[in-house]
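So the protein lines, in turn, are chains A and B. Under this note's numbering, the residue at position 271 of the first sequence is numbered 254, and the numbers go up by one with no gaps. Under this note's numbering, the residue at position 262 of the second sequence is numbered 245, and the numbers go up by one with no gaps.
Please note that the accuracy of each hint is not assured.
Which copy? The list can't say, so a pair holds if one copy fits it or any two copies do.
[To be verified] Under the rule of at most 25 angstroms between Cα atoms (straight-line distance), these lysine-lysine pairs were calculated in the DSS-like manner: (1) Lys65 to Lys296; (2) Lys278 to Lys107; (3) Lys65 to Lys278; (4) Lys91 to Lys108; (5) Lys108 to Lys328; (6) Lys341 to Lys352; (7) Lys296 to Lys34; (8) Lys183 to Lys271; (9) Lys108 to Lys227; (10) Lys352 to Lys209; (11) Lys89 to Lys3; (12) Lys145 to Lys89.
Simulated from the structure, these hints should not be mistaken for laboratory data.
Protein chains: 2
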Amino acid sequence: MKIEYSLLKTDKNTKARYGKIKTNYGEVETPMFMPVGTRASIKGLTTDQVKQCNSGIILANTYHLWLRPGEDVINHAGGLHKFMNYNGPILTDSGGFQVFSLAKNKEKDITEEGVHFKSHIDGKKLLLTPEKSIAIQNKLDSDIAMSFDECPPASASYQYLKNSIERTIRWAKRGKAVHSNPNQALFGIVQGGAYEDLRKFSAVETVKLDFDGYSIGGVANDGESKEDMYKAIDYSIPYLPIDKVRYLMGVGDPIDIIEGVIRGVDIFDCVLPTRIARHGQAFTSHGKINLNNAKFIEDFTPIATDCDCYTCKHYTKSYLRHLITVGESLGGSLLSIHNIRFLIKLTEDLRQAIKEDKVLEFRNQFINKYQNKNTD
Amino acid sequence: MKIEYSLLKTDKNTKARYGKIKTNYGEVETPMFMPVGTRASIKGLTTDQVKQCNSGIILANTYHLWLRPGEDVINHAGGLHKFMNYNGPILTDSGGFQVFSLAKNKEKDITEEGVHFKSHIDGKKLLLTPEKSIAIQNKLDSDIAMSFDECPPASASYQYLKNSIERTIRWAKRGKAVHSNPNQALFGIVQGGAYEDLRKFSAVETVKLDFDGYSIGGVANDGESKEDMYKAIDYSIPYLPIDKVRYLMGVGDPIDIIEGVIRGVDIFDCVLPTRIARHGQAFTSHGKINLNNAKFIEDFTPIATDCDCYTCKHYTKSYLRHLITVGESLGGSLLSIHNIRFLIKLTEDLRQAIKEDKVLEFRNQFINKYQNKNTD
Chain A
-16 MKIEYSLLKT
-6 DKNTKARYGK
4 IKTNYGEVET
14 PMFMPVGTRA
24 SIKGLTTDQV
34 KQCNSGIILA
44 NTYHLWLRPG
54 EDVINHAGGL
64 HKFMNYNGPI
74 LTDSGGFQVF
84 SLAKNKEKDI
94 TEEGVHFKSH
104 IDGKKLLLTP
114 EKSIAIQNKL
124 DSDIAMSFDE
134 CPPASASYQY
144 LKNSIERTIR
154 WAKRGKAVHS
164 NPNQALFGIV
174 QGGAYEDLRK
184 FSAVETVKLD
194 FDGYSIGGVA
204 NDGESKEDMY
214 KAIDYSIPYL
224 PIDKVRYLMG
234 VGDPIDIIEG
244 VIRGVDIFDC
254 VLPTRIARHG
264 QAFTSHGKIN
274 LNNAKFIEDF
284 TPIATDCDCY
294 TCKHYTKSYL
304 RHLITVGESL
314 GGSLLSIHNI
324 RFLIKLTEDL
334 RQAIKEDKVL
344 EFRNQFINKY
354 QNKNTD
Chain B
-16 MKIEYSLLKT
-6 DKNTKARYGK
4 IKTNYGEVET
14 PMFMPVGTRA
24 SIKGLTTDQV
34 KQCNSGIILA
44 NTYHLWLRPG
54 EDVINHAGGL
64 HKFMNYNGPI
74 LTDSGGFQVF
84 SLAKNKEKDI
94 TEEGVHFKSH
104 IDGKKLLLTP
114 EKSIAIQNKL
124 DSDIAMSFDE
134 CPPASASYQY
144 LKNSIERTIR
154 WAKRGKAVHS
164 NPNQALFGIV
174 QGGAYEDLRK
184 FSAVETVKLD
194 FDGYSIGGVA
204 NDGESKEDMY
214 KAIDYSIPYL
224 PIDKVRYLMG
234 VGDPIDIIEG
244 VIRGVDIFDC
254 VLPTRIARHG
264 QAFTSHGKIN
274 LNNAKFIEDF
284 TPIATDCDCY
294 TCKHYTKSYL
304 RHLITVGESL
314 GGSLLSIHNI
324 RFLIKLTEDL
334 RQAIKEDKVL
344 EFRNQFINKY
354 QNKNTD
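Start from the sequences and build out the full structure, keeping to the hints where you can.
Dropping the structure here:
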């Protein structure tokens, strides 16, 4: 079966939604943060360690897995779940974002057919089309596949964006036509920058194609402002059906997650928690802290006393700082566990706040604490 | 209390010994392989993951911890066990081996007082003496500390070795005189290369100082032959008391462990299992395999079907190969778990063979399989 979304409760004062998604790998609740396993591995963590963070859906990247080890290897393994030993739902992106951001020397040629580009690994010439992206994802056998879209830069002009959206809709139609995995949902993607009419046009036309869920893209590009991100959400959400999952792509800042939820978004993904972890940064309710800071040399308390993650239950800031400063990879792994758990816990708290119609109070309290008492 | 060693059984046909070591952190059995946590971290693994390999004693490096984070930080944390969250016995080396092998540009000046050298991190001038090494280890609060010794290169002349041993004995005496941690055992180190008279002299004189255990050093230098290693053991063991632990330093090749046990050695340590793991190599009963090999691309079986480690229970060679070839650190961590478990299991099997007086049969069967059916 494909996924089934149930909207169970909407917050009285905002558009925040509490819901459940039934999948072939268990039922998960929304709002939800999805950790990213770019190359079929959430950096440095076993899938048991990820599960211990109370993860629901996790993400994997079509572009990276297409290049290495190749979708056929994963298909022969029995699909991504078996290949990477994750017994929970998996979402694959379309590869579009990576083609636009990673392609060698950013050399790429966008045609109606698809995108010609050079591999970021060996410079080999490649072509990714809507059909190819879906074919790869069908083979990866993720629970949710994404339509192949163009991800225009934040600086794109109105006219460029308009043409791009129209092509992305044609691409979405072509991808849907070849999608053939009966156990895989397919999501459409709404683009349109911070333009109200373009977001509306993109949302309405994409919804006409009747996808299993919808995502809001183009909000996590370099140079995108927070204001534009919130506009992009506000201009898209009214045109998305209430009985389908809404996914804000590439967003993992705690405040952005809260603002997204308030605007009606259900699921989020981002490399942020694992990337900042490898640089020694950890989320706390009082803001981010940097473990490289000398003040933690003899701090024998956990990152956060109110955190239930494995790292906070077993390790001190002093030890984590030591690992990070000497370059032991365990440091990044332990901080990743903490940061992933922090964002998952945040969405758990948001679910509770929705059930109690207290989302605005929760936001205000969280932001006050997070922004004003930044300890580093 | 300090450690207490009990010799429980000797193999009928060899010098192989089965014994137990009582420590403040539990009782452990010998023969035993000790995983190495150079900088208070067994690379890429949580201490729970290490424990899951059925680890007993683990190792940490005095030299590295002295430089970063410093012995005072660890002392203020409550000692090494609390600092790194390992609830089992820990052995610290003396720092000698690292001073001789890592010092910047190998510039070092060996005097009667100690060794003047430059930090491998920042080139800072440092002096490590027998008293300093013991003082650091006292503060680290390991269960077993090692005497500070000179580690001469394999190429050292007879005369150089003789002088070196005499100084190492004077250093051992000085270190013992200042050792002051009532919960920490102190081991002496036998040197002497592959010379029978030097090993005898070193062993007899070191034993006169009455240490809590004895190690055989100078067998894991670059350029040391296997033959010389076995000679070094054979020439030292007869002069070591049977009621004290015997430790062969820096040895982790499976066959060398078996040969060491047969010659009367109890405990071993080596970075080998974790180092080769990061390069994609895994121990199997049929020899080492290299996961980089293309033949594993679609090999959906575990590294070893007869292995009970976490990695073999959860991951395939195909997936591990993918992680190693794309450079995901999880690959090295998972192979480290397997390799550490392999060596620990080997010593468990040796214990059983000693109990059954079947050590020689075990050796022959193991070596036949390991050397003749190397699959890579």
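Each hint, compared with the structure:
Taking CA atoms no more than 25 angstroms apart as the test, Lys65 paired with Lys296 passes between copies only; the shortest distance there is 13 angstroms, against 30 angstroms inside one copy. When the C-alpha separation of Lys278 and Lys107 is checked against a cutoff of 25 angstroms, the pair qualifies only between copies, where the shortest distance is 23 angstroms, while the shortest distance within a copy is 48 angstroms. In this assembly of identical chains, Lys65 and Lys278 lie within 25 angstroms of each other by CA distance solely across copies; the values are 19 angstroms between and 44 angstroms within a copy. Within a single copy, Lys91 and Lys108 get their C-alpha atoms as close as 10 angstroms, which meets the 25 angstroms cut-off; across copies the closest is 53 angstroms, which misses it.
Taking the shortest alpha-carbon separations for Lys108 and Lys328, neither the intra-copy value of 42 angstroms nor the inter-copy value of 48 angstroms comes in at or below 25 angstroms. Proximity of Lys341 and Lys352 under a CA criterion of 25 angstroms is satisfied intra-copy only: 17 angstroms inside one chain copy versus 66 angstroms between copies. Taking the shortest Cα distances, Lys296 and Lys34 sit within 25 angstroms of each other both inside one copy (16 angstroms) and across copies (17 angstroms). Taking CA atoms no more than 25 angstroms apart as the test, Lys183 paired with Lys271 passes in neither setting, with 36 angstroms inside one copy and 60 angstroms between copies.
In this assembly of identical chains, the alpha carbons of Lys108 and Lys227 never lie at most 25 angstroms apart, being 37 angstroms within a copy and 66 angstroms across copies at closest. Proximity of Lys352 and Lys209 under a CA criterion of 25 angstroms is satisfied intra-copy only: 20 angstroms inside one chain copy versus 63 angstroms between copies. For a Cα distance limit of 25 angstroms, the shortest separation of Lys89 from Lys3 qualifies neither inside one copy, at 39 angstroms, nor across copies, at 62 angstroms. Taking the shortest Cα distances, Lys145 and Lys89 sit within 25 angstroms of each other inside one copy (22 angstroms), while across copies they are farther apart (65 angstroms).
Against the hints set out earlier in the document, violations occur for numbers 5, 8, 9, 11.
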